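Trainee: Heads up: the protein sequence lines correspond to chains G and D, in order. Quick note: the first sequence uses our numbering, first residue 48, plus one each step. Quick note: the second sequence uses our numbering, first residue 3, plus one each step.
It is possible that some hints are incorrect.
Computed footprint of chain G on chain D, listed as stretches where at least three residues anywhere in the stretch have a Cβ under 8 Å from a Cβ of chain G [stated by the list, open to error]:
no., stretch
1, 35-41
2, 179-193
3, 228-235
Simulated from the structure, these hints should not be mistaken for lab results. No experiment lies behind these values; they were computed from the predicted model shown. Idealized CB from N, CA, C, for every residue including glycine.
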Amino acid sequence: MKFRQRYLVFRLISQENLSEDDFKLLINSLITKMRELYGVKGFIYGVPFLLKAHTEKKMGIIICNNKNVHMVRSALSTLKEVNGKEIIPYVVKVSGTRKKAINILQSYTPKDLITA
Amino acid sequence: MPPSRVDTLSRLYADLGIMISEAHFSEELIHKLTLLLEEFKYKLAALTITSLENLENMKRLIEKYSDSIEYVLRLNIRVKERRQLLKLLRRRRLVTLVSVECSNREILRTAVRDRRVDLVYIPINKRIDFSIREAKAATGHDTLSLELRFWDLTKMRIDRIRRIYRWVLAAKKYKVPIILTSGAKSLNEIRAPRDMAPLLTLFDLTLEEALTCISKNPLRIVNINKEKLSKNYIMPGVKIVGKSEPYEISTKIPGIQTYKPRKLK
């Protein structure tokens with residue numbers, strides 16, 4: 048069985064500005080949530096970590112294993128706030144290579160979605 | 003490309019459980035909601051109403067914004083007595099979907115047997131189970147399905163996980179469709195379908211089955227109900243496909259013109 052990495056390009060819809068620290072906190076709460084939902088089994092294939100954060104676009108890239116993409120996705124979607132700021136996280140695209148993921152992050156123009 | 007991957011890419015998604023209170027609904031909110039649902043690649047969304055008072059207003063709002071996202075209305079019935087439930091179900095034809103929030107076992111059993119009910123929802127804090135008995139009763143219906151709400155599944159304790167797992171097993175055994183909805187009470191609680199579905203893998207469903215719970219199953223119910231509510235529908239299997247002038251038969255068809263009904267003794 049081969050383990051490959053997957054790059055999740057995600058976006059946080061929020062009214063407030065997000066800093067890089069917020070993205071780091073997000074990853075910490077993501078790991079906590081994964082442990083809560085899937086237990087130790089969720090970390091068999093490794094712990095997800097943040098590769099890049101684009102604070103202006105409120106987007107980032109998470110690296111995880113190809114076997115636990117669905118766990119990371121569902122755990123990410125259960126997060127409601129980071130550092131007291133309300134967010135709607137969602138995965139824009141899952142890529143197999145770092146280069147392509149960074150390209151997606153740079154070329155993506157987020158629509159202006161105003162949240163209530 | 004393997005067939006399963008093609009299937010995943012070409013899916014259409016539906017969220018049948020947007021639970022934003024009807025009192026908060028305005029044009030601005032529906033505009034924001036439409037933008038959000040478009041971004042998450044939904045095709046259909048059901049807006050929940052708890053009473054039939056604001057029905058006309060809601061219908062008017064929905065019609066205005068039904069271009070990119072198809073909106074339907076869902077009546078959420080929350081009663082404590084069987085008689086009240088049956089009384090409300092008489093007005094079934096006013097909305098596309100009817101769901102029953104089961105507060106006790108009597109309501110659950112009535113809802114499961116009634117053909118007018120589309121979704122059965124069991125609140126996670128109530129001590130009622132969607133057991134094999136209920137699943138058996140639900141098998142004969144074409145639309146009845148078990149609703150699981152995403153935000154309920156995230157606030158779980160071990161005993162609750164076990165209960166939901168038993169519901170899912172019973173539903174799978176008797177082929178009762180499971181439907182995953184967001185259960186969003188505000189715009190901030192709406193999530194992308196492909197992010198929500200993997201949570202169902204906790205209950206021994208494959209990723210394909212989990213995606214079906216948010217794509218094919220809800221769309222199937224809405225399509226069946228729309229057909230039932232249309233003017234051309236007469237009964238299951240019979241519908242009007244067109245109207246024309248009555249015509250005279252020139253050639254004799256043996257067995258039809260000569261047919262005489264038997265007299266009953």
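Trainee: Look at each hint and say if it fits the structure.
Mentor: Checked hints:
1. 35-41: That given contact holds, which follows from 3 residues of the stretch 35-41 of chain D lying within Cβ reach (below 8 Å) of chain G.
2. 179-193: Since three or more residues must qualify, the claim that chain G covers the stretch 179-193 of chain D holds, with 6 doing so at under 8 Å.
3. 228-235: violated (count 0)
In the structure shown, a violation is registered for the earlier hint numbered 3 alone.
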